[in-house]
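Asks: Here's the letter readout for the chains.
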Amino acid sequence: MLRDIRIESGAFDPHRIASDLARECPEAGGIASFLGAVRAGGGVEALELSHYEPITLAGMEALADDASTRFDLMGLAMIHRIGHMVPGDPIVCVAAASRHRRDAIEAIDFCMDHLKSAAWFWKRELRSEGAGSAWHWIEPREQDYSDKDRWKK
Amino acid sequence: MLRDIRIESGAFDPHRIASDLARECPEAGGIASFLGAVRAGGGVEALELSHYEPITLAGMEALADDASTRFDLMGLAMIHRIGHMVPGDPIVCVAAASRHRRDAIEAIDFCMDHLKSAAWFWKRELRSEGAGSAWHWIEPREQDYSDKDRWKK
Amino acid sequence: MAVTILFLGPLRDLAGEDSRQADAPLDWAGLLDAAGPLVAEQLKSERVNVACGGKVLSDKHSLNAQDGDEVALLPPVSGG
Amino acid sequence: MAVTILFLGPLRDLAGEDSRQADAPLDWAGLLDAAGPLVAEQLKSERVNVACGGKVLSDKHSLNAQDGDEVALLPPVSGG
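Chains R, D, E and S are the protein sequences, given in the same order.
Be aware that the first sequence starts at 1, since it is given in this note's numbering, and climbs by one per residue.
Be aware that the second sequence starts at 1001, since it is given in this note's numbering, and climbs by one per residue.
Be aware that the third sequence starts at 2001, since it is given in this note's numbering, and climbs by one per residue.
Be aware that the fourth sequence starts at 3001, since it is given in this note's numbering, and climbs by one per residue.
Everything labelled a hint here was simulated from the structure, so no lab data went into it.
All residues carry an ideal CB built from backbone N, CA and C; glycine is no exception.
Just to be clear, a hint being listed does not mean it is correct.
As the list claims (entries may be wrong) - Derived CB-CB ranges, DEER-like:
| no. | chain 1 | residue 1 | chain 2 | residue 2 | range |
| --- | --- | --- | --- | --- | --- |
| 1 | D | S1133 | E | S2062 | 23 to 29 Å |
| 2 | R | R23 | E | A2040 | 43 to 49 Å |
| 3 | R | R23 | D | W1135 | 26 to 32 Å |
| 4 | S | E3017 | R | E27 | 49 to 55 Å |
Next comes chain R alone, as it looks inside the complex:
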């Protein structure tokens, strides 16, 4: 299976991820992809993502192993940004190629649920407040825990 698992400290083009996967997996009938981006609006001026290097990439690789065991995949890409981002910037992109469509769609759903609440990233937002702006840490929503629990067997 084709794998492309990366942590990027600079900008990346998320739409290349899916198009590369489609080109490199010509026998796949379906390519599903998900792009998470910094939302515009809501007074957020910037987003900063930090990680703990010794375990983050290993965790993403283990998640890719798990996904490729659960689903019948021909290719899987998982790219996560770290560092300083502004609204519109891509944060994460997961793409999966498979023979039949539901494997690809379920694989991106599974990977996103686990990246969201089980991978070692911490996020803080710079929000405008009155005359200035201040950083706020983001905690996972309860919804993220219940999304992940769907996959327990």
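Mind docking chains D, E and S on chain R? Use the hints.
Replies: Below, chains D, E and S without anything else, positioned relative to chain R:
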């Protein structure tokens, strides 16, 4: 909500669909997309897709209405090819933009399940056989019916 | 004066042509007769739908096509 | 000789610094003491994990960090 529902009789770039949606929905936190392509291999030389024009596009519009009622979407694109295609050519692309990621992922899953077995398209494949090749009609798999039944409430 | 019967997808191969004219008005029994025995056999399956005037009939047995109507015979689909 | 304690994400703000040195060997009680009361309070939550030498501990109470080890305090994540 931004909508882009089309039937195309010529080639289209599926990766533009998701990137256009991302650019036009800057307040969306997530963009999910699915691309179905003609699979290489298996002796398939060409694919021909026909439809019944008076009801096909209306059916896709009704499906888009249904998806936008069920899920909290900021944008939805659904593009389906008809005509003569060769391995590697895109057949269908569905992309959805939403504030939170599960709406976008579930929307593409829902639309694909229904396009696959409820929209008015018929597919036949030109397969190599011995010295020549012959056209074969494709019927929906039983799996496609059960996938669609997941959404009944 | 006539009704046009359209054979879609694999039904076209069974019928041996894209379309056929039939006398108006055309009801379910008339359709089975006009479609020929091979297509009529398929029409009896609940997976085959019938559209009249651009609308899929919720009950195809109630078909009542008038002069100028197009009656499309829709076999199970395989889109996506 | 020392163990390095790393404060990740929001714990960095609570600790007021990125990292701190502590004497080796370092066990769970020693970590709570070295981390200071604000961070120690968080450490007691089951949502806060501890890694030692690049591995997340399945039971953080069994911490036994040796000289040169890096002990990372991992608050609940918000990636994706």
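Asks: So, for every hint listed, does it hold in this structure?
Replies: Hint-by-hint comparison with the structure:
{"no.": "1", "hint": "S1133/D x S2062/E: 23 to 29 Å", "result": "42 Å, violated"}
{"no.": "2", "hint": "R23/R x A2040/E: 43 to 49 Å", "result": "47 Å, holds"}
{"no.": "3", "hint": "R23/R x W1135/D: 26 to 32 Å", "result": "28 Å, holds"}
{"no.": "4", "hint": "E3017/S x E27/R: 49 to 55 Å", "result": "53 Å, holds"}
Violated hint for the displayed structure: number 1, the only one.
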